[in-house]
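**Student:** Spelled out, the chains give:
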Amino acid sequence: MIETIASAALSESANSPGWFLVHSIGVGMGILGLVFFLGTAVGMVRFPDFYTRMHAAGKGDTLSTMLMLAGFGLVMMEDFSAGSWLLLLKILGIVLFIFITTPSSSHALMRAAFEDDEMPLGEKDLKKLRKRGGKPSAR
Amino acid sequence: MKRTAFILVLLIGLLLAWAARDFPAWGDPHSPASSSAVSSHFIANTGVDTEVPNMVTAVLADYRGFDTMFETVVVFIAGLAVFSILRGGPNRRTRDREFVVDFEPDLIVTNTVRLIVPVIQIFALYVLAHGHVSPGGGFQGGVAMGASFILIALSWDLKTALARFPIERCFTVAALGIVIYAGIGLLSMFLGGEFLDYAHLAKVFPVSPEMARYHAMLGVEIGVGFTVTAIMFALYAGLSTDGRMRDGL
Amino acid sequence: MGASLLVLMIPILYRIIMGPTGFDRILGVNVIGTKTAVILVIIGTLFDRVDMFVDFAIAYALLNFVGAIVVSRYFNRTVPLQEMEKPKPRRRAKV
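Residue numbers (the working numbering), protein chains in the order written: chain A, 1 to 139; chain B, 140 to 388; chain C, 389 to 483.
Heads up, some of the hints might be wrong.
What the hints assert, rightly or not - Rough simulated footprint, nothing fancy, chain A against chain C, three-plus residues with beta-carbon under 8 Å:
id	region
1	399-413
2	416-422
3	428-438
4	448-461
As the list claims (entries may be wrong) - Okay, the calculated beta carbon distance ranges per label pair:
id	chain 1	residue 1	chain 2	residue 2	range
5	C	394	B	343	18 to 24 Å
6	A	80	B	155	44 to 50 Å
7	B	212	C	455	25 to 31 Å
8	B	140	C	433	42 to 48 Å
9	A	122	C	413	21 to 27 Å
10	A	78	B	174	46 to 52 Å
11	A	78	B	173	31 to 37 Å
12	A	20	C	408	45 to 51 Å
13	C	433	B	195	21 to 27 Å
14	B	166	C	398	27 to 33 Å
15	A	86	C	395	30 to 36 Å
Hints listed in this document are in silico derivations from the structure and should not be mistaken for laboratory results. The beta carbon of each residue, even a glycine, is placed where N, CA and C say it ideally should be.
Starting from the given sequences, assemble the full structure and let the hints guide the process.
**Tutor:** As structure tokens, this is what we get:
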């Protein structure tokens, strides 16, 4: 099946509608990744304690990096030559690597913080926070 | 004190940025580095002499191979110095430990490391062997390979990593790397050339003199990679345990 | 895309500089280190050598992981000796 697609792509020019579709999917994934990264950035600044910030950073960072890299790999595909396939495979390799390592490094940091007696905010702290207008206390 | 240090760092950074204005523009053909006779000689003759596409590797491992060999020796001596200072120092002082290690390997981290250590080692070998074409080479591949052993030591404990790569074997492997490097140089000397003149290796191996230089560079990079890998891990093992080689970080 | 990534790094830099605890700073460094892999691949298009820069990106992702593990291990496993001799109940968070 891939060979039929490849021969079809080779017979046509690189600006055919199929390539436009692939490239627009890639650009869309990149923009979606930027949206998730915006969520990470806002969460890192606005959330009140370390564990909630970790929540924002761990999830948003992993997903946005994966989306951006995969979308970039799709945008870089211009033909079905061996170099192009190798590039896409390498970029997907980085995506897989980040999919494995970033959550586990988040887990390691979280566990380190927990064993270092860093307390999460409780109900009382949240009530104090609301009284002071949402500003986190200086520790 | 903290503020003083900050101001000092800021001043030095501004000084560096100000000094960076004197650099020639990127890709300027009239800059001293581009207009000197040496660089034009390398640019014109590297591909002809050695058939290596990456000029940096050719200059590093062939044209100035003598320098790189003693850089490797310096790395080896650094490892030996750290090891002997930490081991041979006053034992009573190092026995007074200020901390103990609350040891408990993490399940998720160990399984992740189990998955990615082979990937890292294959990537290290790729960087080492692909240094002729893309950036890379012995030092970079050796560092990545050493990082994989350090990762094992970090996620389990140092005992597990030392069972795979004992400290005595570290120094054996490091010395073996230098022996490989100097052996290639000596072999080319015995075949009638000068020390590290790889083109004379073509007399024994069935390749052209250019390809002999190409393959000898790969051999030299492998030697460098051996040394750097072993010394990286030996440095970590020594420094993280004050030279006791157990109960480390 | 690269420029907007750099702009979005500013809030994370704020967290690195102002972070109340050390862990916040490390978390910010970790996020920026992951994004460095993306930025390196984007820089590769400027030089038209994406195949080369992808290798750098792999190395950066690897270094970032090793750094995070080192820091978590450093905070996690070492306990001062005085605390070990006089064991006191460690505060644990109630779940």
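**Student:** Can you name, in rising order, the numbers of the hints this structure does not satisfy?
**Tutor:** The structure breaks hints 5 and 10; every other hint is satisfied.
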